[in-house]
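2 protein chains.
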Amino acid sequence: MKINGKPYRTIWLAKDGWSIEVIEQTKLPHRLETIGLKSAEDCARAIKSMQVRGAPLIGACAAYGLAMALRQDPSDAHLTRTIAFLAEQRPTAINLRWALEEMRRAVVERPPNDRAAAAYRRAADLCDDDVETCRRIGVHGLEILKAIAARKKPGDPVNILTHCNAGWIACVDWGTATSPIYQAHDASLKVHVWVDETRPRIQGAALTAFELGAHGVPHTIIVDNAGGHLMQHGLVDLCIVGTDRVTANGDVANKIGTYLKALAAKDNNVPFYVALPHSTIDWMLDDGMTIPIEQRSADEVLKMTGRLPDGSIATVEIAAPGSPARNDGFDVTPARLVTGLITERGVCEASREGLAGLYPERRAS
Amino acid sequence: MKINGKPYRTIWLAKDGWSIEVIEQTKLPHRLETIGLKSAEDCARAIKSMQVRGAPLIGACAAYGLAMALRQDPSDAHLTRTIAFLAEQRPTAINLRWALEEMRRAVVERPPNDRAAAAYRRAADLCDDDVETCRRIGVHGLEILKAIAARKKPGDPVNILTHCNAGWIACVDWGTATSPIYQAHDASLKVHVWVDETRPRIQGAALTAFELGAHGVPHTIIVDNAGGHLMQHGLVDLCIVGTDRVTANGDVANKIGTYLKALAAKDNNVPFYVALPHSTIDWMLDDGMTIPIEQRSADEVLKMTGRLPDGSIATVEIAAPGSPARNDGFDVTPARLVTGLITERGVCEASREGLAGLYPERRAS
Numbered sequence: 006m007k008i009n010g011k012p013y014r015t016i017w018l019a020k021d022g023w024s025i026e027v028i029e030q031t032k033l034p035h036r037l038e039t040i041g042l043k044s045a046e047d048c049a050r051a052i053k054s055m056q057v058r059g060a061p062l063i064g065a066c067a068a069y070g071l072a073m074a075l076r077q078d079p080s081d082a083h084l085t086r087t088i089a090f091l092a093e094q095r096p097t098a099i100n101l102r103w104a105l106e107e108m109r110r111a112v113v114e115r116p117p118n119d120r121a122a123a124a125y126r127r128a129a130d131l132c133d134d135d136v137e138t139c140r141r142i143g144v145h146g147l148e149i150l151k152a153i154a155a156r157k158k159p160g161d162p163v164n165i166l167t168h169c170n171a172g173w174i175a176c177v178d179w180g181t182a183t184s185p186i187y188q189a190h191d192a193s194l195k196v197h198v199w200v201d202e203t204r205p206r207i208q209g210a211a212l213t214a215f216e217l218g219a220h221g222v223p224h225t226i227i228v229d230n231a232g233g234h235l236m237q238h239g240l241v242d243l244c245i246v247g248t249d250r251v252t253a254n255g256d257v258a259n260k261i262g263t264y265l266k267a268l269a270a271k272d273n274n275v276p277f278y279v280a281l282p283h284s285t286i287d288w289m290l291d292d293g294m295t296i297p298i299e300q301r302s303a304d305e306v307l308k309m310t311g312r313l314p315d316g317s318i319a320t321v322e323i324a325a326p327g328s329p330a331r332n333d334g335f336d337v338t339p340a341r342l343v344t345g346l347i348t349e350r351g352v353c354e355a356s357r358e359g360l361a362g363l364y365p366e367r368r369a370s
Numbered sequence: 006m007k008i009n010g011k012p013y014r015t016i017w018l019a020k021d022g023w024s025i026e027v028i029e030q031t032k033l034p035h036r037l038e039t040i041g042l043k044s045a046e047d048c049a050r051a052i053k054s055m056q057v058r059g060a061p062l063i064g065a066c067a068a069y070g071l072a073m074a075l076r077q078d079p080s081d082a083h084l085t086r087t088i089a090f091l092a093e094q095r096p097t098a099i100n101l102r103w104a105l106e107e108m109r110r111a112v113v114e115r116p117p118n119d120r121a122a123a124a125y126r127r128a129a130d131l132c133d134d135d136v137e138t139c140r141r142i143g144v145h146g147l148e149i150l151k152a153i154a155a156r157k158k159p160g161d162p163v164n165i166l167t168h169c170n171a172g173w174i175a176c177v178d179w180g181t182a183t184s185p186i187y188q189a190h191d192a193s194l195k196v197h198v199w200v201d202e203t204r205p206r207i208q209g210a211a212l213t214a215f216e217l218g219a220h221g222v223p224h225t226i227i228v229d230n231a232g233g234h235l236m237q238h239g240l241v242d243l244c245i246v247g248t249d250r251v252t253a254n255g256d257v258a259n260k261i262g263t264y265l266k267a268l269a270a271k272d273n274n275v276p277f278y279v280a281l282p283h284s285t286i287d288w289m290l291d292d293g294m295t296i297p298i299e300q301r302s303a304d305e306v307l308k309m310t311g312r313l314p315d316g317s318i319a320t321v322e323i324a325a326p327g328s329p330a331r332n333d334g335f336d337v338t339p340a341r342l343v344t345g346l347i348t349e350r351g352v353c354e355a356s357r358e359g360l361a362g363l364y365p366e367r368r369a370s
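So the sequences go chain by chain: A and B. Heads up, the first sequence is in my numbering, so the first residue is 6 and it goes up one at a time. Heads up, the second sequence is in my numbering, so the first residue is 6 and it goes up one at a time.
Any given hint could be a false lead.
Note that identical chains are pooled: a pair holds if it fits in a single copy or bridges any two copies.
Unchecked claim - Only pairs whose alpha carbons sit at most 30 Å apart, straight line, appear in this in silico DSS-like list of lysine-lysine:
(1) K32 x K53
(2) K32 x K308
(3) K308 x K158
(4) K32 x K43
(5) K43 x K7
(6) K11 x K308
(7) K308 x K53
(8) K195 x K151
(9) K308 x K195
(10) K11 x K157
(11) K7 x K20
These aren't lab readings, by the way, just hints derived from the structure by calculation. Predicted, not measured: the structure shown is a model, and the values here were computed from it.
Whole structure, please, built from the sequences with the hints as guidance.
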């Protein structure tokens, strides 16, 4: 999508032809900077520190990290070690493991001296595939927005609430939850987005608001506490969120707080959709409560970073001195609260049957 | 309650015998400062800017503000004008209007030159009554905590989730939601409090954590997004929150986000209690959706204040530059989601019948 009129992806091959450059997401929205990643270790550090984040994007970044590792040492031992090392950086998003498995399959049968080139080709394909997948999610999601718009007073915008950032900046381009929104906006369908701030790391206020603003989509930041109240007053037409892992039965792991919005949507008859590529589906798990939930640093709760009046960036301690904090990164929204899953193949019910209908090749034997 | 071993109230008559001093709550938790308020205008400004906040406390502060106004000019016109002026500072909390009506009744039949002295007596009584009312709320709430503790493994703490600050610092002493917690702690019943941060003004992380820490009560700060996840995993035994207004049918207005926690509590069979003094009941309203909801500044959402590493206080802009924000101060939790109301007269169902049982003198004729 565009930043100040210039088209961007979140990740691209550097001019040297083998290292990658990415948008440094911990600097957003205060600074738009890119950084170079020149090894699997660099990629791991960027994923762990969330300089690179978003379930689809961390898969893409890890894929290139593996390619760089194979360029240095294409042995079986190094392949296995690097995959394990990259996979452990973030536990909840399944895309990371999916992308690394795709990479392994692309190289493991090849002779060592072919592996690096094959890995780079596969990593590039994964990125291009992600763009096309997200575009298709948008095509299917747009139909939902059009149907809601048709029931509203002409000229009134469709009000969409989203949580965290499942935008283009969490993917390679388009985004998952935002793809229908961008396509609606580009097609002159009036939309307005309620952007949940998404504490503790405020990916909503920092990233979703940034990318919607940069592309010109009308939006309003709200605190995470506000969505239920807005739904009670008829100010939300639907919710669309992304996800880090969907189980085979349709349970949805996503950024902490998603479950609360799904409860409020149910209580107010507001449709609650989850947008995802097939790579986010964990066909091995049948119960969302078994998804590992990342425990993150208390500092993310106790401190906030922002711009001082002079434009410099500062971090302040906001809470009562000495009070401890707990920081669960994700929660699980039970399938019963999800109106539908928007995938690149279409929209389905959040259930085993719904998913099997769209992905018959994955139906359990 | 105590701060560093020293007993405090939130509001007291100054040595001059006519002005008041209060804890400056916008400086907490970074600085413990008191300020003097010497006129109704001072009190109004302190209430509006939330230097003084919490439904019971703003009632007490307004009562003294009226007494100071009558000391200057005890005329009927000035009485009427000052009551209207003070009442309009915060629209949602009913206690403010209740306290001003109590004050009016205490002085209006008196000759003008008796009014100031009567007003000071009534304001002091309102403060003392609030302390006793909150203490009794704690006595009744403690029984609930004891019953839950009896069903837990001996030695395991009772885990209480609270939202915003309905602590002693929101009242004159004890607090409403915190009063059962302090009484349990003082009686050596093991408790642990999950403190919702409570964006945008983080009264949980700043005030509830501060006062629990200062009194030695074990607690952990969480972001507002986390409570549902903790309930799903059995880590919350009950919720207790305060309220700014309860309608005659038991609907509860409280800080934005309370409704989301009540939904999660219902979905996980976690009891959800609301603690309140009788002065918080609005007998004139039958539907929570008709309670006026204060709209506050977008800056509260877009900026955060805290301590820099050198100890100085700074405010940083946290969100994407140029993105707008909306800031509803309160939401309404429907009575159907409330397990019980904890009042100074005991615990009742959140319903017309429940309230009428405890307050038969207010039963509609």
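Structure-based check of each hint:
no., hint, in the structure
1, K32 x K53, "within (15 Å within a copy, 35 Å between copies)"
2, K32 x K308, "both (15 Å within a copy, 17 Å between copies)"
3, K308 x K158, "neither (43 Å within a copy, 35 Å between copies)"
4, K32 x K43, "within (20 Å within a copy, 46 Å between copies)"
5, K43 x K7, "within (26 Å within a copy, 56 Å between copies)"
6, K11 x K308, "between (33 Å within a copy, 29 Å between copies)"
7, K308 x K53, "both (18 Å within a copy, 27 Å between copies)"
8, K195 x K151, "within (10 Å within a copy, 55 Å between copies)"
9, K308 x K195, "between (37 Å within a copy, 29 Å between copies)"
10, K11 x K157, "neither (34 Å within a copy, 60 Å between copies)"
11, K7 x K20, "within (21 Å within a copy, 64 Å between copies)"
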